[in-house]
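Just so we're aligned, residue 0 is where the sequence shown starts under numbering that gives the first Met the number 0, counting upward by one.
In short, the hints are calculated from the structure, not lab data. Just so you know, not all the hints are guaranteed correct.
To be verified - With a straight-line cut-off of 25 Å between C-alpha atoms, the simulated DMTMM-like cross-links for lysine to aspartate or glutamate are: (1) K382 <-> D334; (2) K53 <-> E67; (3) K83 <-> E56; (4) K387 <-> D328; (5) K382 <-> D365; (6) K83 <-> E203; (7) K78 <-> D93; (8) K83 <-> E199; (9) K53 <-> E185; (10) K53 <-> E79; (11) K83 <-> E67; (12) K83 <-> D96; (13) K78 <-> D33; (14) K159 <-> E409; (15) K78 <-> E67; (16) K382 <-> D328; (17) K83 <-> E41.
Values in this document were obtained by computation on a predicted structure and should not be read as measured data.
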Amino acid sequence: MEKKGFKWQIFLAALLLLTQSAVLLMPWLQITGDRFVSVAMEINREAEQIAAGKAREAGAYEVTDNYERGTSMREAKAKEYQQKADEALHGRQDSIDGLHLAGWCLSSGADLAFEGIQVREGYSLRTSDIQMVLQIMGAMLFAPALMGLVVCSYMLLRRKTPRTLIFLDGAVTIGIGVAWLTVIPELLWEQMQSAVQSYEMVSEGVLAIPGVGEYSIRAVLWGFADSGYFIQILLGGLLILLSFAYFTVCRPERELVEIEEVHHGEYEPKEVQNWEVFPMAPMPQAVREAERPEKAAEKELAPELECFPMQYDGSGHIQGVRGQLSGQDFVMQPDAEVILGNSLELCDIVVTHSGISRRHCGVRYDSLIGQYRVIAYTSQPIKMSNGKILRTDSYTLARPGTMVYLLGDEEVIRLG
Numbered sequence: 000m001e002k003k004g005f006k007w008q009i010f011l012a013a014l015l016l017l018t019q020s021a022v023l024l025m026p027w028l029q030i031t032g033d034r035f036v037s038v039a040m041e042i043n044r045e046a047e048q049i050a051a052g053k054a055r056e057a058g059a060y061e062v063t064d065n066y067e068r069g070t071s072m073r074e075a076k077a078k079e080y081q082q083k084a085d086e087a088l089h090g091r092q093d094s095i096d097g098l099h100l101a102g103w104c105l106s107s108g109a110d111l112a113f114e115g116i117q118v119r120e121g122y123s124l125r126t127s128d129i130q131m132v133l134q135i136m137g138a139m140l141f142a143p144a145l146m147g148l149v150v151c152s153y154m155l156l157r158r159k160t161p162r163t164l165i166f167l168d169g170a171v172t173i174g175i176g177v178a179w180l181t182v183i184p185e186l187l188w189e190q191m192q193s194a195v196q197s198y199e200m201v202s203e204g205v206l207a208i209p210g211v212g213e214y215s216i217r218a219v220l221w222g223f224a225d226s227g228y229f230i231q232i233l234l235g236g237l238l239i240l241l242s243f244a245y246f247t248v249c250r251p252e253r254e255l256v257e258i259e260e261v262h263h264g265e266y267e268p269k270e271v272q273n274w275e276v277f278p279m280a281p282m283p284q285a286v287r288e289a290e291r292p293e294k295a296a297e298k299e300l301a302p303e304l305e306c307f308p309m310q311y312d313g314s315g316h317i318q319g320v321r322g323q324l325s326g327q328d329f330v331m332q333p334d335a336e337v338i339l340g341n342s343l344e345l346c347d348i349v350v351t352h353s354g355i356s357r358r359h360c361g362v363r364y365d366s367l368i369g370q371y372r373v374i375a376y377t378s379q380p381i382k383m384s385n386g387k388i389l390r391t392d393s394y395t396l397a398r399p400g401t402m403v404y405l406l407g408d409e410e411v412i413r414l415g
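Input sequences plus hints: build the corresponding full structure.
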């Protein structure tokens with residue numbers, strides 16, 4: 000059922016989008032003494048890989064040899080830095096959630112010292128250029144959460160699944176996660192390199208090696224990253240997969256049906272409201288004289304007709320949903336067949352699309368049971384939203400509200 004499919008799509012997408020917004024409350028950075036030593040070791044090892052001779056002169060090998068995991072020097076340095084981190088965090092826990100990190104970045108690091116960085120005399124890390132990069136980082140942290148709230152609100156208010164918006168949300172989320180470790184380190188180091196002399200456990204000579212400075216920022220962001228960053232990337236990938244599922248597994252035509260099903264009038268989409276009603280053109284004589292399989296259909300459906308002794312009054316309707324007939328409402332006389340196709344001589348409703356046959360299909364409103372009988376006059380497969388494919392040798396019964404896809408998603412009509 001289309002209605003059920005739409006419900007689970009909304010529920011799953013809303014769950015992912017709301018979780019994406021809640022990620023800001025999760026830990027994004029975990030600052031510990033052991034992680035600090037590990038990051039410093041990685042920076043020195045990178046220098047050894049880039050330029051072994053210069054790294055040896057700058058003391059990189061001495062650091063990597065003396066601060067291996069399990070050594071007393073490493074444990075002492077980790078404990079020392081842990082105390083500094085606790086003082087800088089004002090007694091808070093080691094983990095910093097995304098909300099506090101984003102606020103700190105947007106305020107340009109006003110209330111937190113840059114521990115472990117030795118600044119050259121006469122220079123400062125609080126320049127306008129560095130502050131601008133930090134503000135960009137803060138905006139990048141807030142962007143996925145805000146996008147998740149906006150897309151989720153739009154989806155719940157409109158009661159439809161915005162597949163393109165969900166895809167863009169996921170793509171932007173992953174893009175920001177990648178830029179966090181690629182673009183941001185280059186931007187930040189470009190503004191910092193003139194002021195930074197050295198890091199603790201990373202000498203000035205090591206930072207002077209080309210490429211090590213950018214890598215040091217990347218190593219800090221990656222080495223201190225906590226669960227919030229990784230969950231954000233995972234959610235971005237899931238949103239992209241979900242949008243592809245809507246485009247493929249869930250079939251594009253389900254978006255046309257949305258939440259209207261077989262109960263006519265239960266929900267009327269915005270596109271159908273205030274349509275102008277056009278009178279139906281008289282049937283051409285050639286069509287009146289053409290052979291119709293009505294008698295065979297009535298015999299085939301005779302037992303079904305006996306189950307509906309009640310008489311229904313009123314006329315049928317054919318409403319254009321997409322394509323050339325979009326926005327039009329055609330009134331059908333009870334029990335009279337209407338032919339759709341691209342021939343002015345043979346058809347009552349003309350669709351000039353090149354993919355439509357001269358006599359494409361016929362629709363008849365059965366006033367006895369209040370439903371529609373539809374038949375195909377073309378060899379092309381014509382599908383309906385209830386999953387049935389029209390036959391060419393007999394009529395197919397359809398309830399009011401059923402969508403008929405004359406030419407895939409290009410030409411779509413609604414019965415009733």
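Hint numbers not upheld by this structure, sorted from lowest to highest: Hints 3 and 10 are the ones this structure does not satisfy, whereas the remaining hints hold.
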